[in-house]
Amino acid sequence: MKTMDEFTEDVGDTSFVSVRGGGTRWGLGGSLTEGTNEVEAPKGVINFKPEEMIVRAGAGTKLSTLQNELNDLKQEVALAGFPDSTVG
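The numbering used here applies: residue 2 is where the sequence shown begins, and numbers increase by one.
Wrong hints could be hidden among the right ones.
[As the list claims (entries may be wrong)] With a Cα cut of at most 25 Å, we get these calculated DSS-like pairs of lysine-lysine:
hint, residue 1, residue 2
1, K3, K50
2, K75, K44
3, K63, K75
4, K63, K50
5, K3, K75
6, K3, K44
7, K50, K75
8, K63, K44
Calculated directly from the structure, the hints in this document are not laboratory data.
Work out the full structure: start from the sequences and follow the hints.
See the structure below:
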C-alpha cells in the first residue's frame, strides 16, 4: 500500500484527480479533462495467514485473484460478485 507521500506524488499539483475503480462504468459521464491525474485503489494480497483463516487484500484486487491465492490451501472467501469484480 502506498504512503501518503507516494500518493501525493502520484496525484501531483493538478486541480483534477480521477479515481478509477474496476472500470465497469468508465465510459459514462464523458471523457476526462486534459491533465487529469488518474489514481487506482491498491491491488493484491497484502497479508495472508492461512492457519488463522485471515486474508487482507487491497480494494482493487479482483475476486478471481484473491480466490486463486486461497485455492492452494483449500480456502475461500464469501464475497459475492463476478470473477472480475473487485474486493472494494
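Here is how each hint holds up against the structure:
Using a Cα cut-off of 25 Å, the hinted pair K3 and K50 holds, with the two alpha carbons roughly 22 Å apart. The hinted pair formed by K75 and K44 meets the criterion: a straight-line CA distance of about 22 Å does not exceed 25 Å. For the hint pairing K63 with K75, the CA-to-CA distance comes to about 18 Å; that is within 25 Å, so the pair holds. A threshold of 25 Å between alpha carbons decides the hint, and for K63 with K50 the separation of about 19 Å falls inside it, so the pair holds.
Between K3 and K75 the CA atoms are separated by roughly 30 Å; this puts the pair beyond 25 Å, and the hint is violated. The suggested pairing of K3 with K44 holds, with an alpha-carbon distance near 11 Å, which does not exceed 25 Å. Taking the CA atoms of K50 and K75, the gap is near 13 Å; set against the 25 Å cutoff, the hint holds. Under the criterion of a C-alpha separation no larger than 25 Å, the hint pairing K63 with K44 is consistent with the structure, at around 8 Å.
The structure fails hint 5 only (numbered hints given earlier).
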